[in-house]
Amino acid sequence: MSIIIKPLVTEKMTEQGETLNQYGFVVRRDANKIEIRKAVEAMYDVQVTSVNTMRYPGKTKSRYTKSGILSGKTSAFKKAIVKLAEGDKIDFYSNI
Amino acid sequence: MNISRENIDELNAVIKISVEKEDYEKRVADVLKSYQKKANMPGFRPGKVPAGLIKKMYGNAVLVDEINKIVSENLSSYLSENDLNVLGEPLPNESQEPVDFDSQENFEFSFDIALSPDVEVKLTKREKLPFYKIEITDEMIDGHIKTLTSRFGKSEVVEQAGEESMIKGDIVEVDTDGNEVEGGIRAEDSVISTTVIKDDSEKEKIAGKKSGDSVIFDLRKAFPNDTEISYILKITKEQAAEVNGIYKFTIKEITEYQDPELNQELFDQLFGPGNVTSEDEMKVKVKEDLEKTFEMESEYRFATDAREKLLKKMDIPLPEEFLKRWVRVNNKNKEKEEEKVSEEQIENEFPSMLDDLRWQLIKNYIAKANDIKVEEADLKEFAKKSAKVQFMQYGLTNLPDEHLENYANEMLKNQDQARRMAEGVINEKVTEFIKDSIKVEEKEVSREEFNKLFDK
Numbered sequence: 072m073s074i075i076i077k078p079l080v081t082e083k084m085t086e087q088g089e090t091l092n093q094y095g096f097v098v099r100r101d102a103n104k105i106e107i108r109k110a111v112e113a114m115y116d117v118q119v120t121s122v123n124t125m126r127y128p129g130k131t132k133s134r135y136t137k138s139g140i141l142s143g144k145t146s147a148f149k150k151a152i153v154k155l156a157e158g159d160k161i162d163f164y165s166n167i
Numbered sequence: 047m048n049i050s051r052e053n054i055d056e057l058n059a060v061i062k063i064s065v066e067k068e069d070y071e072k073r074v075a076d077v078l079k080s081y082q083k084k085a086n087m088p089g090f091r092p093g094k095v096p097a098g099l100i101k102k103m104y105g106n107a108v109l110v111d112e113i114n115k116i117v118s119e120n121l122s123s124y125l126s127e128n129d130l131n132v133l134g135e136p137l138p139n140e141s142q143e144p145v146d147f148d149s150q151e152n153f154e155f156s157f158d159i160a161l162s163p164d165v166e167v168k169l170t171k172r173e174k175l176p177f178y179k180i181e182i183t184d185e186m187i188d189g190h191i192k193t194l195t196s197r198f199g200k201s202e203v204v205e206q207a208g209e210e211s212m213i214k215g216d217i218v219e220v221d222t223d224g225n226e227v228e229g230g231i232r233a234e235d236s237v238i239s240t241t242v243i244k245d246d247s248e249k250e251k252i253a254g255k256k257s258g259d260s261v262i263f264d265l266r267k268a269f270p271n272d273t274e275i276s277y278i279l280k281i282t283k284e285q286a287a288e289v290n291g292i293y294k295f296t297i298k299e300i301t302e303y304q305d306p307e308l309n310q311e312l313f314d315q316l317f318g319p320g321n322v323t324s325e326d327e328m329k330v331k332v333k334e335d336l337e338k339t340f341e342m343e344s345e346y347r348f349a350t351d352a353r354e355k356l357l358k359k360m361d362i363p364l365p366e367e368f369l370k371r372w373v374r375v376n377n378k379n380k381e382k383e384e385e386k387v388s389e390e391q392i393e394n395e396f397p398s399m400l401d402d403l404r405w406q407l408i409k410n411y412i413a414k415a416n417d418i419k420v421e422e423a424d425l426k427e428f429a430k431k432s433a434k435v436q437f438m439q440y441g442l443t444n445l446p447d448e449h450l451e452n453y454a455n456e457m458l459k460n461q462d463q464a465r466r467m468a469e470g471v472i473n474e475k476v477t478e479f480i481k482d483s484i485k486v487e488e489k490e491v492s493r494e495e496f497n498k499l500f501d502k
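Residue numbers (my numbering), protein chains in the order written: chain A, 72 to 167; chain B, 47 to 502.
Bound conformation, chain A alone:
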């Protein structure tokens, strides 16, 4: 499995991309900052200046329905915010 699982495409991250040149990804839980930097640089052909990571725990989710209580769990994941060198850009919408 590759280091980068998927990009974070949200209004918040779009805004940050435009103003701060920061882009977010969901990454493998055991990936470290160095690996993430390398993966992003290789995939998008850009220069990364800094990487911030954060781990999110999975949460139990339960719902009350007619046929009893449904319960489940969201999986844990690691999020990485990558800052690019000035002038570099990642366009997540290039294929629409």
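These are calculated hints, taken from the structure and not from any lab test. Small disclaimer: the values here were computed from a predicted structure and weren't measured.
Per label pair, the in silico range of CB-to-CB distance:
| id | chain 1 | residue 1 | chain 2 | residue 2 | range |
| --- | --- | --- | --- | --- | --- |
| 1 | B | 84 | A | 125 | 32 to 38 Å |
| 2 | A | 125 | B | 103 | 29 to 35 Å |
| 3 | A | 131 | B | 103 | 39 to 45 Å |
| 4 | A | 166 | B | 76 | 25 to 31 Å |
| 5 | A | 128 | B | 88 | 32 to 38 Å |
| 6 | B | 54 | A | 166 | 46 to 52 Å |
| 7 | A | 86 | B | 377 | 49 to 55 Å |
| 8 | B | 406 | A | 166 | 54 to 60 Å |
| 9 | A | 97 | B | 76 | 30 to 36 Å |
| 10 | B | 126 | A | 86 | 42 to 48 Å |
| 11 | A | 164 | B | 422 | 58 to 64 Å |
| 12 | A | 86 | B | 76 | 14 to 20 Å |
| 13 | A | 136 | B | 103 | 41 to 47 Å |
Straight-line C-alpha distance at most 30 Å; calculated DSBU-like pairs for lysine-lysine:
| id | chain 1 | residue 1 | chain 2 | residue 2 |
| --- | --- | --- | --- | --- |
| 14 | B | 101 | A | 150 |
| 15 | B | 79 | A | 160 |
| 16 | B | 94 | A | 77 |
| 17 | B | 84 | A | 160 |
| 18 | B | 84 | A | 83 |
| 19 | B | 168 | B | 179 |
| 20 | B | 331 | B | 179 |
| 21 | B | 331 | B | 475 |
From the derived model, a few chain A residues whose C-beta atoms are all more than 12 Å from chain B:
| id | residue |
| --- | --- |
| 22 | 129 |
| 23 | 138 |
| 24 | 157 |
Note that beta-carbon positions come from the ideal geometry of N, C-alpha and C, so glycine has one too.
Start from chain A and add chain B according to the hints.
Okay, now just chain B, sitting in the frame of chain A:
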């Protein structure tokens, strides 16, 4: 941003404008930003569409637009800064390379312009031009009076039928003995006008008859026209086509048109109360009116003559090649199909267009050199005058001033019309100026001779 000019010859030049990235970058970004705020795209809330997406969708269009704006702005400011008098409009150079907005960052555009030639008009008293005055004959006055008064004439009952009578009576179909034909056509109260009877011998039969008399005549001979027969016999046109034979007409009433009496009442109606009190005065007044209208024609003739003379004298060179191209391009860009003219028409009208242009240049020069300007008051006066002329065509001669003024103001509100008026004022003033500065020979000519002048 770089603008340079290359003069090809006296009248033609090429302007080169190069646009660099710094010139347009900010403007494009600003426009895209405003687009981003307004864009409505599925999948995004309004105003939250990513900038990259907007750029991809509208970027090129905006770029083209902005560059276009920059170029035209700079071109016009360049022209005004350098005091270039341009004829027509700048046209893109034909050798212009196609622009690739996708990959290019710096753009270069070249435009052909036509410079207006230096015009210098010198008018001296040595130049001569005729000013034709139309001679007013008594016949003209009488004719004019007749048309003026005819509206107030009345029909009056007379004793005897004459040359121009309207005769009312009953008409029946008869046989050769003068007895009514059974089942024949008959009409009551039909009206015959003696002026329309074609055949002289039939006309004579009626002339001199009195009310109560009856006449027998050949209807077909008197009125060869089916329409008249159908009107007289009160039948359809199809039926009238088959009408033949003789008819008896019993006269009931004879009326004749009478010229109105020339009295104070009539004068008041025609010229406003109290302005005219006798026939002689009316003649003088009519003569004045005629003089006024003829003077307008004389002025017009003079203006045409002056134009011709100056055009001949000056012989201004013009960049014809360019102007022709300009006319064609303009023609092609017209939105409405019916406004477009054919190539042939352009070819035919081109020489007169050039002359118009030359005359325009001469006029501009004269106006500029002699400080002729259009003032607000002039414009108003002119509008009032043309309003008056317009109303005169409808036969309204005595309109109150207030009314005219309102109408004139209304006309001036229309920008298009106001511009035309301004042109008219300039025309008038320039003509006036020409008239003052050269020697004018007044010539009195008859109406026919005057009309002949235009036939040339």
